[in-house]
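Engineer: So you can see what is in the structure, the chains are spelled out below.
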Amino acid sequence: MDQPTDRPTGVEHGIAGSGGEVRSFAYSDVLTSDEAVALEGLSEKPKSFGRLAWERFLRHRLALIGAIGLVLIALLFIVAPWFSDYAFDERNVRDRLLGPSWDHWFGTDEIGRDLFVRTAQGGRYSLRIGLTVAVLATVFGALMGAIAGYFGGWIDNVVSQLVNLILVVPALIVLSVWALKFGSSANQLSIVLAALLWTRIARVVRGVVFQIKEQEFVMAARAAGASHGRIIVRHVMPNFVGVIAVEITLLLGTAIVLESTLSFLGLGVKPPNASLGTLVADAKGSIDNDPIRVLTPGFFIVLIVLFVNFLGDGLRDALDPKSKAEH
Amino acid sequence: MTEPLLRVDSLGVGFPSKAGVVQAVTDVSFEVHPGEVLAVVGESGSGKSVTALAIMRLHAKSTIITGSIDFDGIDILGLDDDQMRSVRGRDIAMIFQDPMTALNPVFTVGNQIVEAIQAHHKVPDDVAWKRAVELLEMVGVPEPKRRAEQYPHEFSGGMRQRAMIAMAISNEPKLLIADEPTTALDVTVQAQVMEVLREVQRETGSAMILITHDLGLVAGSADRVQVMYASRVMERGSIDEIFYESRNPYTRALLDSIPDLGGVRERLEPIPGNPPSLLNPPPGCGFAPRCSMAVSACSTVVPELVPVTDGHASRCIRVDDLVPVGGAA
Amino acid sequence: MTALLRVDNLVKEYPIRAGVFRRQIGTVQAVSDVSFELGHQETLGVVGESGCGKTTLGRSLLRLIEPTSGTVMYEDQDVTAASKKEMRSLRRNMQMVFQDPYASLNPRLPIRDIVAEPMRIHGVSKKEAGERVGDLLRRVGLLPEHGNRYPHEFSGGQRQRIGIARSLALRPKVIVLDEPVSALDVSIQAQVLNLLDDIQHEFQLSFIFIAHDLAVVRHASDRIAVMYLGRVAELADRDALYEQPAHPYTHSLLSAVPIADPRRERARKRILLQGDVPSPANPPSGCRFHTRCPLAQDRCVAETPELRDVGSGHQVACHFPIAPGETLLDRVGAMGRTVEIAST
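Chains as they are written, first to last, in this note's numbering: chain A, 1 to 327; chain B, 328 to 656; chain C, 657 to 1000.
Bound-form chain A, shown alone (with noise of 0.2 Å):
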């Protein structure tokens, strides 16, 4: 202790007593105590990545709800017609106005046509919309949004700048003037909104894009040699998907509710065909007396609404590795 300019701990630490247990740090030591300590962390039984969101997702009591909920509203809308005698554009002028009944489960409307079939028709017609403009919306979104993130300079400079464009856009009366010059049909409704409301998914992608880009493991496959799109598929993907899962449900709903409102609007769907919108306008009329008749499909749309969105939220959870099955 008399040489102060020694290293910091100067005083060589004798063990006194038994020596017998007085280990040393040989590197080899080192390794095997840190496998000890390792494995002591990680002794459960590893499981694949699928399996773990899949328990993750059983887990989420709500996204099951949500799950097994748009599975019986689909089945509902594609199975009841079979059971029922009547087809959704016959009408019978005798039943006008029917309360719900054994024979009209839902009544009927102001023509004699069955409501119980007529929702089920409508049901499918705006699940069919709200499907296919998410599916496209969110790819081509999630494209665009990958790309501006990912290149960035005049690429996301071009794309944000579009994005801002179509965000200003009232997307109603667009919707309006384009049902009004070119029509309505299921596809071309689609097609519209998906030019629409891709710009939402876009923006959230390219903002999580622009975060992952920077990551160290995107620098390390770099490193590695990855070329960009493999960089893109195996490392920025994957790390996006939760967040995807989200947006395409909300998306699923704003469509469904979107396109119901351009029906019950009257620039929708065309009679006699129907979609959740036009039965709710259809019985407008009728919301005092009878307000059954607006409250079914209605209740259809928000149920819907619901549904989806729990199943997002699960969606989310059950695809990021880092949330624990526990729920």
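Careful: at least some of the hints might be erroneous.
As the list claims (entries may be wrong) - The calculated lysine-lysine pairs, modelled on DSBU-like cross-linking and capped at a C-alpha distance of 35 Å, are:
| hint | chain 1 | residue 1 | chain 2 | residue 2 |
| --- | --- | --- | --- | --- |
| 1 | A | Lys213 | C | Lys782 |
| 2 | B | Lys472 | C | Lys925 |
| 3 | C | Lys741 | C | Lys829 |
| 4 | B | Lys345 | A | Lys213 |
These are calculated hints, taken from the structure and not from any lab test.
We have chain A already, so just place chains B and C on it with the hints.
Structural biologist: Frame of chain A; chains B and C shown alone:
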């Protein structure tokens, strides 16, 4: 010895989580005397910062706190929120690691110091402002009059930390808690800020708890050291007792594992393994799985923090086997 | 000495843009005229404070960032002029370990795939890559079974081991280590430093070791370059640099680092530099250190000092280098100036 300013007695802090309670601080007792600098050293997860937050009562409502904290005759854990607010910032002040996020970006630096003063003293604006400028000058901010009117983003990292210190000492607290005050700063700026911190601490006569992982910082700035590991105090003593006469295997291993700026050591002696989980901690001494001196009893009983000499205590059942050779033991 | 890696006059400039049209209003010289050589199985430490350009330098060497000018030669291949295809094969020889063990591993991939990726990119079959992953994991102190797990299940130290295993996958000759231990707790730092030491011998590697911790750099390096605001201030063998620093900045930097030895700490006079590191967007004229240098004179403001040899490979970029046996304090005293000394 004088009456202690702060007396922490068997403090426990637990964070409830879905998987159970994470026990971040277990049975921690210590005292801080007026005017002294106590360094609390440990690696991440040792409980050093959580202890400080408990003293400031800056933890979430759901946190489970046991034990007692006596500050200058006040039972800190027994105060209601209003009473605690009047203690915080006036009697006990805290300096955080990241000056970037600890200052509000939409107010001028001067304004924020004024606010800190007026939170506890009814003084007119112009008096408080004058005091704010004085404080900035005291912590070595050049052109304090002009700088007081600037916003945090116009300050460099080092200057921001100085502003934080000015704010912390604005009410002449009896106790300063500095949580990794220089970790986010460059080496040359670190030295400046530590110097300022020590100067103001000496000038105001306040006691300081210096929380850090940097043993170098401790060597130059503290009077006493408390080493923490896996939520418990492992050893406590004067700075020389800890650095030269340690009676604890963890302290020794920690000192052995750092590379030395002055000497040449070809091989480092790492501590094998990783710190234990604080959620279901293993029985016995938290360090036992990594300890080169562990015996079978170490993994069954948690050793007591036993006094070695007056003021020097160590938590190790083999404390008597750890005698410094040629040391002042 | 035939150099394995040779860097000449490397420059990396970033444009500063502003306004709607992203007009360029200036440049940041992150790396400014840096030259050095790296020998076989040598470790060159690169040390400096934030904004000194050390990370940009490391990334430019591998062209993860495109250098603005200058050349990097690997053996007799010009890295800076390599085509895409040539670059791919060069990457087999030059690898990198990153600072942040939390950000440098893709959270969506199991460890097995992370470590195998470089091999898969370079055409190793899935089966063979899988086998080698097991060996690599074992080599860095983990177990092959860990391959099935995801990064978040590992501690910081373990993750850094995984990053090291990935960098070894292609059996490179040079590894750029960018702050490989600064995110780790001290007891874990030592484990990783020892591991690096071992693999260097076992795989005959040359390292560029980038860090801000002077003690860690001294421990790990054979030669050390001290950088300040994009330039190399001093480059020398490790002991010469730490015991006989010639640049006033190196002196001040060493002086600022607290030593974990209370007695030595009390005995020492620590010089306190004034001010903060200036912004690299607007670096001082002449010698970039002159705004904080206690020895600065008119010439330092006007003229940029070149990096020159002051004897046996000890290079320094200073008009008035400190001679062997002299200290910064001696010189300051001789000039009739004063510096602030820390009070402990």
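Engineer: Now, for every hint given, state plainly whether the structure supports it.
Structural biologist: Hint-by-hint comparison with the structure:
Simply put, lysine 213 of chain A and lysine 782 of chain C have alpha-carbon atoms about 26 Å apart, close enough for the 35 Å limit, and the pair holds. For the hint linking lysine 472 of chain B to lysine 925 of chain C, the alpha-carbon distance of about 32 Å falls within 35 Å, and the restraint holds. Taking the CA atoms of lysine 741 of chain C and lysine 829 of chain C, the gap is about 19 Å. The hint holds against a cut of 35 Å. As the CA atoms of lysine 345 of chain B and lysine 213 of chain A are separated by approximately 33 Å, the hinted pair is consistent with the 35 Å bound.
Of the hints listed earlier, there is not a single one the structure fails to meet.
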